[in-house]
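Participant: So the chains spell out like this:
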Amino acid sequence: MSKYYLGIDLGSTTSKAIIINDKDEIIGRGITNTRANYKVAADIARQEAIYDARFSLLKKILEKEVTAQPIYEKYLNDIESAFQFLQFKRRLEHLHSQFNNTIESSDIFADKKLYLETIRNIISIIEPVIRDEYIYGNLGSKSQFFRDVVNEKFSIEVKKLDLAFFEPLMLAFDKSITPVENDMFEFNFKELVYEAMDLLDSKYKGLADTSAEGISVNFDAEMNLLKGNYDHITDTFKEHINRVADYEIHISNMVGTGYGRALLPFPEDCIKSEILCHAFGAHAIFPKTRTVLDIGGQDTKAIQVDSHGLVTSFHMNDRCAAGCGRYLGYIADELNISLNELGSSALKAEKEVNICSTCTVFAGAELRELLNIGEERNDILAGLHRAIVMRAMSLIARSGGVRNEFTFTGGVARNNAVLKYVSELVKENYGDDLKINVHTDSIFMGALGGAMFARRNINADLPSPKAKINN
Amino acid sequence: MSQEVSKEKSMILQKEMIGGLLDDLSITKETGKKVVYTFVPGNLSELIRAFDMLPVYPEINALQSGMRKISGNYIRDAEKAGHFEDVCTYVKCDIGMMINGNIGPTGKKLPDPDLLLLSYTGCFTFMKWFENLERIYPGVPVAMLHTPYQENGKITPEMTQYMVKQLKEDVIPKMEKVSGKKFDESKLKQTLAESVKVEDLIVKIFDTTKNRPSPIDAYFAGVYYIGPINIGFRGTPEAVTYYEELYKEILYRVENKLGPITPEGEVDEKIRLVVEGPPNWTSFREFWKLFYDHGAVIVSSSYTKVGGVYDTGFRHDPERPLETLGEYCMHCYTNLNLPQRIELLSKSIKDYHADGILVNSIKSCNSFSAGQLIMMREIEEKLEIPVGFIESDLVDPRYFSYSNIKNRLDSFFQMLNQRKTISN
Amino acid sequence: MLSFDLNFEYARNWKSKEASRVILGYTPIYFPREIVHAVNGLSVGIFGSGDRKQIIKGDAFYQSYICHIPRGIIEMVLDGNMKSFDGFVFPSICDVMRNLSGIFKIQKKGKFVKYLDYPQNFNSEIGGTFYIQEMKHILEYIFEINNVKLTTENLNNSIRLFNKNRQLIKAIYDLRREFPSRITYEELYHIIRAGTVITVEEHNEMLEGVLDFLNNEKGEPLDKIKVIIYGAFCEQPPVGLIKTIELAGCYIIDDDLVLGSRWIQGDIKDDTDDPLKALSEAYLKNSTFSSSMYDVNNPKGERLVKLAKDSKADGIIFAAPSFCDPALLDIPQLQQACDKHDIRHIMFQFSENTGQFKVIKEQVGAFSDSIKLWV
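Chains as they are written, first to last, in this note's numbering: chain A, 39 to 509; chain B, 2 to 425; chain C, 6 to 380.
Calculated from the structure, these hints are not laboratory results. Note that this is a predicted model, so its numbers are computed, not measured. Any given hint could be a false lead.
[As the list claims (entries may be wrong)] Capping the alpha-carbon separation at 20 Å, the derived lysine to aspartate or glutamate pairs in EDC-like fashion look like this: (1) B/Lys-175 to C/Glu-130; (2) C/Lys-305 to C/Asp-315; (3) C/Lys-141 to C/Asp-347; (4) C/Lys-58 to A/Glu-131; (5) A/Lys-127 to A/Asp-221; (6) C/Lys-62 to B/Glu-382; (7) A/Lys-465 to C/Asp-84; (8) C/Lys-248 to A/Glu-407; (9) C/Lys-366 to A/Glu-407; (10) C/Lys-113 to B/Glu-382; (11) B/Lys-175 to C/Glu-213; (12) C/Lys-62 to A/Glu-466; (13) C/Lys-169 to C/Asp-228; (14) B/Lys-166 to C/Asp-272; (15) B/Lys-271 to A/Asp-307; (16) A/Lys-276 to A/Glu-286; (17) B/Lys-271 to A/Glu-306; (18) A/Lys-213 to A/Glu-131; (19) C/Lys-114 to B/Glu-379; (20) B/Lys-290 to A/Glu-306.
Start from the sequences, fold in the hints, and give me the full structure.
Facilitator: So, in structure tokens, the structure goes:
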């Protein structure tokens, strides 16, 4: 039986899980937003990783078929999307009942019947919209978490209503979402996959009747092809799915890491420093890396690594939000745009407006002032992105500079504008021929490192047993 | 808590010493003894005692308040009275304590100063501190003793002369006036001779960390051992007795290969560290635990040298009493220039076989903090030794983030352990 | 833009004209420039990089809770802006600058680096002697480089020229105190700062010209209050901030921004046969007040109040750089002194690269209005 190893990284903003096999290959990735209940966050991330692992196993088994008929890959991906939607749906149902509880139990909602009705309406509107986004729009791969997905659609609907509804409904949302987030949902993989396939029936069989938007003509043609073979495919798949669903993913060892604001929900001897995990993970993917920069949600780390992937020195900025992901979150809020849009907007700039404030709080005020005097939003964004990178550069300089190769990781590495300025400033200050590594799995580096430590069964450091004093 | 420490005779001696001083301070109205407020760096306790006066150290009051967890309120009161964030929290704590009646650690009111001995040594803030105190105690004479900075890494005759003249023309006359006694040079010489004994002993004591395992922790316990020297007992027979007893106890530990004592028992030494920078006082115990839980023992620290650096050979010289007082002041850790500090730390790392060096950067202390980053890099490069970096504060509890520090320390210790595994 | 040239072009050009010329860089607050002048040297003030340079390397040397000025200075010295400087002097002002001298030594910048430990004892035989020894050390360093020996005549001559410089500056300030509308503070600031990077001869000429202009210019007085700025004696506020204060309704009629150029009150004796002693005496007895000088026998609170009253200021703006120990530790007692004498004041913190002036504008504007309306 194959052995698998799990690494979980509880970050300040997101929780990640990685499952590797005994060749250090990643077979499953899970990510969710960190919430108040750390244990739930860890469990959800782990659960996601396990499902992801099963799907990747499924894809592996069906490799031959997929190569022969590429359309199968589409179908597999669709199953995964539907699967994710069904998880979402369960949570949505739970949220609905929480809404009902909230409304029933609070006097803020004077006309309870009206509110219950309103909520029911809203949910019935947004659910199919979201379903279609999952199935047709591949929402599942966009790393939008439950809270964000619902919040977005919910807000749109609430804004359509009378202004008087706004506050109470948003209040109801805040009160109801937390218990849902802190609850763990157990799913049966096999059942859920079958359900997903059933759901897809409507997509494939009733293709001409679908009202989903944005389906390309190409797709139509392919689907027609698939439609023809549909029944045959589903039967073959069911066989493999059964196998995969029953397959035991045995986790031989796990390592948890993360920033311990509260106690990490792992047994003490399974915890390893996030700095070491991060460095190890980055080094695993880029063996020649010697400097790693991780810009996370609330802290930034500059790590120097040797040829074995072991840390030789590190520096952290964890007292100050400037230069961390939070900074971008704050800016996104100020400008009322989503985090995902920040980078692309900044890249459209014609020049960078100089931002003087190094403090997140004051940067917001400076931003407003600049808008007032007529600076272009994109130019300001470019300046802000540059400013955040400047802070990271100071940290790097403090930790001894950048040595070839330089690996940039962390959630913020997904922002293309940040990436642009990191490359520019690193090259400017440390040489043009420096190799800069970025990876789509940047955000998983810590979890990967943890999983790899788990595989090597390197003992975490236990508190030393105290000797008795002689009298 | 556990089987403990209160059994040690040296601890009893120290408690008696300090208790005695506090008792004396509480009855100055009756005894008529004069009280001198001064600083630990540039601590002229021998001179103060030569005039039969009693010393009070606002810094020590501040750190005591920190350990008793009442400094936070004092600091807030000082800020309410107009003082700013970011400035030295010892000063704010002290001012807050005065606003609240100047109640000392034993709960009794501390006597007002009869003389403010501004030993301006190694720290710019000291000047501001006593300028502020002078406003709070108008009419109290202030004696300024300017200790020149060892800017070029050495003490020149000019610098010594400058200090001697200040002592002769300004400090001593003021002390004579306040105490009502004439300056007795022979008494000073006697006290200085005792000081030499104490200095010899403290050097020996801190040198025991050469052993594996180290019998003491030179930081968390070190600040406690240096106590009597810092609060005015250097040069007294009680101190000699104390340090002799302490040294005996430590030698016993060396012979029996015992590690340092902590509130939770003996440490099983796994990591040897040199620490640069003051400790955090408000979370002293929790802070220490973060170290001994990992078997980390500190074999040398720079903070224990703020009241005098003796391990490079300096001893008070009774034959040149005023010169030696000046040289002593100039030889305190924070009065050394950056290259000298790097040299001293490097030597400690080598002499005491440290696995790494940790810098505890204190937010409100610029004298220590400004320049620590480059010191770290120089040491890292020259000795190829891992350097750790944490940030906290002296006595403002708002600037001690437990999880922050734990995260960095855990990572640092794991890093050190990894390297040890590889090199073994 | 001579005053803010971070490459110190003027100094470099000046030095290149004669082989025995040397450049000495000095940091705030005060430096006895006469001695360098007397041995064919030019002392150049280093006030940090303000908001004119992006700091990356400099930040690596300092934690976030230390002021900004040393970062700019380090950035400049590492970037070679001061390559032509022969030596650096760091006058005692605070622990950050004190340790910065150590950093310069470690980085081996210049042919010599000296921390100038001003005496806090003001007795001629004690502090004075020590100060003279300090000055002699600097002269020895310079002698090693250019072999120019100090003569009594040369030093007296230098003293004469710098006396003139101080007289001219004082005359301008006095004039401006009465007629602040004749020249903006911003322009005045540029002119005074220029003096720290050019020769005293040229500066004196410049100042004569300015004085002439001021005497003839009538200007148009606006309804603004007269204020003194205190606290920015080391890290300088960006020019934009200074402009903002004036635009918000204030005439800045006195300040401590380039205090070093106005440090000695009155003339230094220029005809003695021991001019070093004359310089020392002037320092000990005739210095202005500042946060880096021990003041128990001559409290600065009183002196500030006197300055405010003599110059008929309406109020005082305490402007301190963030994290500046000398300023922040002093200001509470200065505020108390002001309160005792009913002098209005406000306070804000800045850093040399602040880009945000709106909040300060409002604060100063409200201050100005409140005084105009209710006093």
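Participant: A separate judgement is required for each hint: does it hold in the structure or not?
Facilitator: Evaluated hints:
Distance hint between B/Lys-175 and C/Glu-130 is fulfilled; the C-alpha atoms sit about 18 Å from each other, no more than 20 Å. Annotation: proposed proximity of C/Lys-305 to C/Asp-315 holds, straight-line Cα distance about 15 Å (limit 20 Å). Restraint check for C/Lys-141 and C/Asp-347: not satisfied, since their Cα atoms lie roughly 45 Å apart, outside the 20 Å limit. At roughly 56 Å between alpha-carbon atoms, C/Lys-58 and A/Glu-131 are farther apart than 20 Å, so this suggested pair is violated.
Between the alpha carbons of A/Lys-127 and A/Asp-221 the distance comes to roughly 14 Å, so the proposed pair stays at or under 20 Å and holds. Among the hinted pairs, C/Lys-62 with B/Glu-382 is consistent with the structure: their alpha-carbon atoms are about 18 Å apart, no more than 20 Å. For the given pair, A/Lys-465 sits about 17 Å from C/Asp-84 by alpha-carbon distance, which is consistent with the 20 Å threshold. The suggested pairing of C/Lys-248 with A/Glu-407 holds, with an alpha-carbon distance near 17 Å, which does not exceed 20 Å.
Proximity of C/Lys-366 to A/Glu-407 is assessed by CA-CA distance (about 13 Å); at most 20 Å being required, the pair is judged to hold. For a cut-off of 20 Å, the pair hint linking C/Lys-113 to B/Glu-382 stands: about 16 Å separates their Cα positions. Between B/Lys-175 and C/Glu-213, the direct Cα distance comes to roughly 49 Å. Violation of the 20 Å bound is thereby established for this hinted pair. Using a Cα cut-off of 20 Å, the hinted pair C/Lys-62 and A/Glu-466 holds, with the two alpha carbons roughly 12 Å apart.
Between C/Lys-169 and C/Asp-228 the alpha-carbon distance is near 33 Å, which puts this suggested pair outside the 20 Å criterion. Between B/Lys-166 and C/Asp-272 the alpha-carbon distance is near 29 Å, which puts this suggested pair outside the 20 Å criterion. Using a Cα cut-off of 20 Å, the hinted pair B/Lys-271 and A/Asp-307 holds, with the two alpha carbons roughly 17 Å apart. A C-alpha spacing of about 17 Å is found between A/Lys-276 and A/Glu-286, which places the hinted pair at or below 20 Å, so the restraint holds.
Only pairs whose Cα atoms come within 20 Å are accepted, and B/Lys-271 paired with A/Glu-306 is accepted, the gap being roughly 19 Å. Under the criterion of a C-alpha separation no larger than 20 Å, the hint pairing A/Lys-213 with A/Glu-131 is consistent with the structure, at around 15 Å. Taken as a hint, the C/Lys-114 and B/Glu-379 pair is honoured in the structure, with Cα atoms around 16 Å apart against an allowance of 20 Å. Taking the CA atoms of B/Lys-290 and A/Glu-306, the gap is about 16 Å. The hint holds against a cut of 20 Å.
Figure legend: structure checked against the earlier numbered hints; hints not met, in rising order: 3, 4, 11, 13 and 14.
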